[in-house]
Structures are given as structure tokens and as C-alpha cells.
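Participant: Chains as they are written, first to last, in the working numbering: chain A, 1 to 247; chain B, 1 to 264.
A couple of the hints might just be wrong.
What the hints assert, rightly or not - Pairwise CB distance ranges (calculated):
id: 1; chain 1: B; residue 1: H87; chain 2: A; residue 2: G85; range: 34 to 42 Å
id: 2; chain 1: B; residue 1: S161; chain 2: A; residue 2: T193; range: 50 to 58 Å
id: 3; chain 1: A; residue 1: V45; chain 2: B; residue 2: E260; range: 51 to 59 Å
Just so you know, these hints were derived from the structure itself, not from any lab.
In this text, a Cβ means the ideal position worked out from N, Cα and C, and glycines have one as well.
If you want the building blocks of each chain, they are given just below.
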Amino acid sequence: MDFEFRFDIVWNNFPLLMEGVETTILLSLITMVLGTVIGLCVAIVRLKARKIFALPLIIYVEVFRGTPGLIQIVWIYYCLPIVTGLQLDAFASLVIAMALNIGSYLSEVFRAGIQAVNKGHIEAAAALGFRPGQITRRVVVPQAAYRMIPAIGNVFVSAIKLSSLCSVLGMAELMYQGQIIIANFFRPIEVFTIVALIYLAMAYTTSLFMMYLEWKFAWVRRDKMSFWQKFRQISRSALQIKPQGEL
Amino acid sequence: MTGSSSINGKTLAVKIRDLHKSFGTLEVLKGIDLEVTKGEVICILGASGSGKSTLLRCINQLTVQDRGEIHVGGDPIGFEKSSDGEHKKADAKTLAEQRSRIGFVFQQFNLWPHRTVIGNILEALKIVKKLSHVNAEKIATERLEDVDLLDWKDEYPDTLSGGQQQRVAIARMLAMEPDVMLFDEPTSALDPERVGEVIDVMKALAAKGHTMILATHELNFAKDTADRAIFIDEGVIVEQAPAKEFFASPKSERLQSFLERMSN
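Only chain B is shown next, with the shape it has when bound in the complex (with noise of 0.2 Å):
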């Protein structure tokens, strides 16, 4: 099969076939499919322990499947194609190829902290993308310009706060400008009062046309800005539709007691 196939005109970006994992005699993910068009936005919603954060943890491989395939933009996640066309483990230098293609945002921010907030972004851009010192840093500039943080540039990251530090870490993943963004619960760990700056950089994404998978317990933001909500309930997709849809008129039993226990 080819991952770079299309529904309805649109290019997928993101194609996942019948995920399966397990840690030990947990089985997470109890095979999972899932197709995503470029720029569509995708907020999962789910329980804690639903299988969110590890369905978007394989998308990079950094947590791998036991079964089951990933595209990201046609190619096999994790694999790579032999000269007699099968597909074959990936070495370790194709598959960070792969992920440098694939941002990804963490619940804890993960900044490096013996890095300032430019170096954190420049980091990648001169060690991944191979840019000299002088375009790395047009690029890392403009993307803090982006999330509003030019002034904090020179800063360690344990001196600014938990909003501010999530906003460098998506510039840092926006710098590598990935075809796909991964936000695995990115509000989670944030003060009640620092959740809006990190949603405002996120809908300005969305409105720019990025493909987006956001894990995420923001209801809102899922409302105003997803094209398609998911619900993930004991490893599998228990529905999935249009934003509005999802949330006007939920189907299933589970997803309606979710969204009761949600909104209270």
C-alpha cells in the first residue's frame, strides 16, 4: 500500500493502520486506525490511560507499536524500504530523519536547561538541520517573534514560567517546520491562569494551515478550533466526528458520560 494516497482530493498526512501496543499485560492500544488530511486540525479526547498519549508517542516512534503501521507523508514510520522493496526496521539514522519531520510537543515542556531560550531552538536547527549559526538564528528569532517571546531570548528556562516555557518548546518545534504537529496534553501541566497563551499560540497555528494531532483535556479549544474530534476509550477509537458534531450531538454512551464528567 501507498501511504501517499488521498480522500476526497485532500493529500494525507498522517495514515495508521490497525495500532496495536502493549506494556506488559496492558494492552494501551487495541488497534487503532486513523487518517488524517494535511491541514486538518485533530484534537483526542479520552480519559487518562485511554491511550492518547501513547497513540501520539508512536506516531514518532518514541513509543514503538507492536503491531500495526504509521505514515507520516507516505513514508512507513520506523521503517524504511529495501532495495527488494520490503519494508525493514529503520537504522537509527533514517528514523531521526523521519522524526525531524514530525514535531512534537511535550506535557512537561522537556527545554533543555543548560540552554537559553535561543539556544534551546538553535540547538536543533544547527545539529538536525545542519544551518549555519547566522540563518539558525533568523529562524530562531522569527519563530520567538511567533509566540511573543523575542525578550526572554538570552534567558535560562527555569527562569520563565510554565506558559512561557511551553511557548519556546512548540518555537522549537516549529523551527524544524515538521509536516506534522504532535501536542501530546500540552495545557496539562500549566498554572490555570497560563493555559490561554499557550491555547492563543496553538488556534494561531491552527489558522495558519498546519496538520495538527493535539491529545487534549481543553474542551474548548477543541470546540472552536478542531475539524474533527476523537474519542479514545480503552485503546480504541470509540467515535469520531466534525468538532461540532462531536460535542452537540455525542452518540455513544461513553463519550456522552465523558463529556458529562468533563464539563462538570
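This is chain A alone, in the form it adopts within the complex (with noise of 0.2 Å):
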């Protein structure tokens, strides 16, 4: 094989990945946490109001879903203005089209969480002498907001890959700063390589949040291991599956 690869174009131009990589990060948390606050919006409406208000969400999340990510952002920041008369600046758009994306997964994480905690639960509570709001803070967010964690990481991490379709708008973030440095010395593999590593990092580093999040909320704690003895453990025991609530 007389490929020769050539990585040293990749690390010479390495401060204009992590340029695109600061964009990145910023496009994908600002996009988690409006991905969430939509999210959670929806699936509670969606379990308490009547259906005439769930319908329309309903209807988004099958759409957001249901339909290419990359005709999303493209449609939302060339077509809402023209719609609406709303002029964003590209950022925004994008950001709007992407939350909007991600809300939809997120929704239905919450509402299968939420609806998950055994009524038995509830109605304990409620027997005792809880109030509404006392039984969602006491009993439905402690075991929901554990039993969702995972979930939530999926859909976080696939935020940060969402964000790379950004690119086709001329989003400086860090795959259209990969395609800069391609179009420049014609080296797509070593580039795609190395971007590709990039996001595994940053995936990687999401789903180890989300691991301290498990940790942080696991209802049983039998041992006194702080979370990297427990990380660990984990890691060597990979495969091994637990009871519920327990970590």
C-alpha cells in the first residue's frame, strides 16, 4: 500500500479544530438545555392537561422525530423568516432547530420516566396525606429522575453529533472547520479520523457526566465508594447488571 498518512496537516492545523470544537461545545450544551426545558414541557403536558392541548405536541414530536435533523435546520433557518417575518441570526436559528430536535427524544424520555413510578407509589403518598405537589418532589422525581439519567445521555450525545449538521450553514463549529482544512490540502481521511476523535471525546465525556449523575441520584448506597472507586468498579464489571436503584 503506498498510502502514505499524512497527520501532520491535521496537527498543524490543530488551533482551527479547536476553534470549531469551542463552537461545538457551545451549540450542543445550549441546545441540551433548551432540548430539555422543551422536553420536560411537553411530557408534562402531555400527562396532565387535557388531550385538545396534547394534540398539537403530540404532532411536533412525531414530526421533530420523524424527520431528517439536517431538513430541520435547514428549513428552520431559511423558512421561519420567510413564514414569520422573524429575522435570527444563524446561531440562533440553528440552535432553535436543534433544541426543537432534541426536545422532541427528550419528551418522551420524561413521560416514559414519569409514567414508570409504580401508582402503588403515589397512592401511598397520597393516602398519607401528601398534596400534589409534595408527591411529584417526594416520590415521582427521586425515582423518575433516576430511572431516566441513561436515557437522557443517548439523547445528549446524539445533541453533540446533531450539532455537526450545522456545518451546511456555514456554522464555523468543528466539522465545517474539518471541511475547511480538507478543502485546503485534500486530506479527508486523516482529517475525518481525527475530527471523529474529537467527538468521541466529547461524547465520552458526556456519558461520564451522566455516569455522576447515576451515582449522585442512585436511591440505594450500601457502600461509602466515592464515585471514581465506584467508576472502577463499574468498568470492570462492565456486563454485569444490577437490581434497580442500586449502583
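Starting from the two chains in their separate frames, assemble the complex, guided by the hints.
Facilitator: Structure below.
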């Protein structure tokens, strides 16, 4: 094989990639926060409100889960100003598109998590004289939050990768910066390999954070291990299935 | 009408008038009337689906009746008196306050898995009764002693046997010092060898003079402990009598055949 890998091109242009990383992180973080707010609101309205209010939300969830993210981003970027007359800057319209996409997935995660709480546990609290808000805070949230963390992690990780689509609209995030280097040096394999590794690093950091949350929110803690001790133990027995709520 | 009336000089704890409840087209309760005096222990017997659980659940409004009134300690449950003397539907705060005075023990225990044994008991004392941690802990410890589970206070419910979990659930209910205690088939989900320990706890409560209404299949418990036994079939009270008389000489044919089936 006479192909010669030229990773030095990537290293020489690394600051360019890092600028992209900054934008990617900013895009992703804002998307996650906004998406969580949207998802929570949608889930709560779908669970609590009358059917008539739920219907538009069901349509929203199905549309944003069922169409390509790229088209959503492009559509909101170009069509929203035409339809509404609202002129947003590129960053804002991309964040809105991604947050709507991520929010549709998260709303289903939240809805499932809330619905999975044992009705008996809720009735027990009601029978003891808890008010609805107290039941939510003391029984539903602690149980649902813990169960939802892994699924939320999934969606957050896909948010990071979703942000790469913003390159299509000229947002100078990691993918876009990579493509600029490729266009200049014609070295797609090396650049894409490194760009992929950087995405992996960001995704894995997110996964670790979610694992930390899972440790933090565990209902049952029978040992006094720190997160890192626990993390090593989990890594060693990665495939062992533990009872619910226990870490 | 007032709920604080009395019969034979005894104070009424619970008064139920013409209670109806349907689930879809299925009419589960078809007009139940029941009066329970303070300190009385009542066992409700009946086949599965006869309406025992629904009746108990209506008393603390986990199930809301279609028609009929329930008074506990004189208060119309699920309703509140407005300024013009009319009854209107109780708001969440009033209902929660009413429920806090009615103890309920579930067939499936329903301990919270995210709290320890003592945590389960502290929760309601702190959240509903707004007690300080110290005061709540004192009460919780005493109630755990009552059910002989103080050694298990820092364990999580999933490590306890069914019988132990049910005793914790009873301790949790007791800690709230309810005026009336409702038990919805408290031993039906237990292994046979674990039934006795829960029965013993309930007998001790009855001996202390608590007002108790139990839906149960434990005929011996009903015979020994109940002041009055009630037979419900197809949503109506078919027969009720002092427990000894109830079992010794059942009058209706339906109760006779029920008791016969149960003792086989």
C-alpha cells in the first residue's frame, strides 16, 4: 500500500479545529439545556393536560422525530424568517432547530420515566396526606430522575453529533473547520479520523457526566465508595446487571 | 345531616350513605350504607371483585365515588363546607388534610424504594406533619419498635421479606396517628408463613382500641378479632352481624356458600 498518512497536516491546523470545538460545545450545551426545558414542558402537558392540548404536541414530537435533522435545520434557517418574518441570526436559528429536535426525543424519555413510577407508591403518599406537589417532589421525581438518566445521556450524546449538521449552513463548528482543512489540503481521511476522535472525546465526557449523575441519584447506596472508586468497579464488571436503583 | 352523631352512646367514626361507584359499565358498589363506631374493628368479607377494595378506597378518596356520602370523624370526605353551608368539592389541600387522618395499608405494601425503612416513616412525619427531624425520628423509632423492626431501620425495603415490608407499612401508617385505619387485604400478597406476623401486629392494634376496617380473606382473624363482620357480594352488603354470630349462624344462602368455599 503506497498511501501515506499525513496526520501532520491535522496537527499543523489543530488550532483551527479547536476553534470549531468551542462552537460545537457551545451549540450542544445550549441545545441540551433548551431541549430539556422543551422536553419537560411537552411531557408534563401530555401527561396532565386535556387531550386537546396534547394533540399539537404529539404532532410536534412525531414530526421532529420522524424527519431528518438536516432538513429541520435548513428549514428553520431559511423558512422561519419567510413564514414568520422573524429575522434570527444563524446561531440562534440553529440552536432553535436543534433544541426542537432534541426536545422531541427528551419529551418521550421524560414521559416514559414519569409514567414508570409505580402508581402504588404515589397512592401511598396520597393516603398519608401528601399534596400533589409534594408527591411530585418527594416520590415521582427521585424515582423517575434516576431511571431516566441513561436515556437522557443517549439523547445528549446525539445532540453533540447533531450539531455537526450545522456545518452545512456555514456555522464554524468542528465539522465545518475540518472540511475547511480538507478543502485546503485534500486529506479527508486524516482530518475526518481526528475530527471523529474529538467528537468521541466530547461524547465520552458526556457519558461520564451522566454516569456521575447516576451515581449521585442512586436511591440505594450500600457502600461508601467515591464516584471514581465506583467507576473503576463498574468498568471492571461492565456487563453485570444490577437491581434497579442500585449502583 | 351531621356526621358527629352517635349510636347507643358511642361516637361514630365512619358513616357511609348510599355509596355508588361504577367503572365504565361495571357497577361495583350499588348503594352501601355503613356506620362504624369509634374503637370498632370491622372485617369486610367477600369474593374477589365484590367491591371490598373499592369501598375502602372510597373512604379515603383514592377512588372517588359517583354518588353517596362518606363522613369520617364528622367531616364529609372529599368535600368541604363553603361559607353558605353547602358542600363543595374539597381542594387538594383539604383532601390531603382529610387523608392524613385516615390510615391506609395496601395489599402491595407500597413502601418507597428510594427511602430506608425509617426514611419511609420519617417522610410523612416531616412533609405532612411538618415535624422536626428529632421529633419525627423519636416517633418513627417508637413505631418501628411496635412492629419489632427497629434493627432493620437503615435497610432499604427491597431487602425485607413481604411480612416485614407490610409491618413497616403499618408502622408508617401508625406514625400519622390516624383516627381510622383501613386495611386492604394486608396479608393477601404474603407467603403463607409470613401471614402470622402481620396478623399479630393487627391484633395488637385492635386490642389497643383503634378503629379498624379490614378487607380480608383471613376468616380466623375475623372470627377472633373483629367486633363485626360484613359480607359484601355484587356491590351490596348482603349480611352483617357481630363476628361470632356471623360465622356461627350465617343467614343468607350467599354467605353460607361463601363461607363453605372459603373453609375448604
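Participant: Evaluate each hint against the coordinates.
Facilitator: Hint check:
no. : hint                        : verdict
1   : B:H87 / A:G85: 34 to 42 Å   : violated (54 Å)
2   : B:S161 / A:T193: 50 to 58 Å : holds (57 Å)
3   : A:V45 / B:E260: 51 to 59 Å  : holds (54 Å)
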